[in-house]
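Sequences listed follow chains Z and D, in order. Heads up, the first sequence is in the numbering used here, so the first residue is 1 and it goes up one at a time. Heads up, the second sequence is in the numbering used here, so the first residue is 1001 and it goes up one at a time.
Some hints could be false.
[Claimed, not checked] Pair by pair, the computed Cβ-Cβ distance ranges are:
hint : chain 1 : residue 1 : chain 2 : residue 2 : range
1    : D       : D1054     : Z       : T86       : 18 to 28 angstroms
2    : Z       : E97       : D       : R1050     : 18 to 28 angstroms
3    : Z       : E48       : D       : A1067     : 31 to 41 angstroms
[To be verified] Straight line, CA to CA, 25 angstroms or less: simulated PhoX-like cross-link-like pairs of lysine-lysine:
hint : chain 1 : residue 1 : chain 2 : residue 2
4    : Z       : K16       : Z       : K49
5    : D       : K1073     : Z       : K8
6    : Z       : K125      : Z       : K45
7    : D       : K1065     : Z       : K125
8    : Z       : K79       : Z       : K125
9    : Z       : K96       : Z       : K79
10   : Z       : K79       : D       : K1048
11   : Z       : K16       : D       : K1073
If you're looking for bench data, these hints aren't it; they were derived computationally from the structure. Bear in mind that the values here come from a model prediction, so they are computed numbers and not experimental data. No residue lacks a Cβ here, since even glycine has one placed at the ideal position from N, Cα and C.
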Amino acid sequence: MADFKIRKDAQEWASKMEKPAEWLEFDLYYLCAVIGLSGGWYDDKLQEKDARGFVDTFPGDFRDTKELIVSWLIAGVAKKRSIAFTEKKAVHGVLKEVLQPNPMMPLSNEGVDHLNRFSSGGFEKLRSYFDERPPVTFDDLLPAILSHLPEASK
Amino acid sequence: MDDEIVGISESMKSPERDKLQIKEGIYMGNAVLNLRSGPIFVTIGMSKARLVIDAEKEIREFVTKYAGKEKVK
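Full structure from sequences and hints, please.
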């Protein structure tokens, strides 16, 4: 099973930020993925050496919301390929590629790789919101992210 | 537009691949459904998930989850 991978520079960027005690590494990954998926920012150039695998299934509260993330990924991959949801054969192809028949981990290896790339693309945007200076605290994240979200996703 | 199934994954359990099998109200496969209200995704054991991401709502909910919690470095 493929690992969710977070960029090493994203880990470093967030390492000094004050975070909730219950914070999971997947929280940063998720935030970046939401940003990446909402704006269609996909990192084609992400390389194995630049990222670290940290978990191979949806952790904590994300177990209950994984279908939502999966659905956004399907939409994100379809949009990236300019596939409309009326194109039955093409949509079927996306589902076949992205999903696997495992309710606990519904994403295939290819699906995880796509999500890793959207998360990486999202991190690139997130970092740019802060002019390369990481936020001091988690509370600084929300206003910065919301002020930069693409209009289409608001 | 009528409600229509435009995609079904390989995990679909029914051999009848043109129909989404619904058993006791639970969807038994993975499918993208085109509904009048827009496309949705359904999968095993769940009802529906939106294919359109509302990033602002999701990020607000995410932050709310941690509101008031102790912060550490």
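>> Output the indices of the hints that this structure fails to meet, ascending.
In response: none
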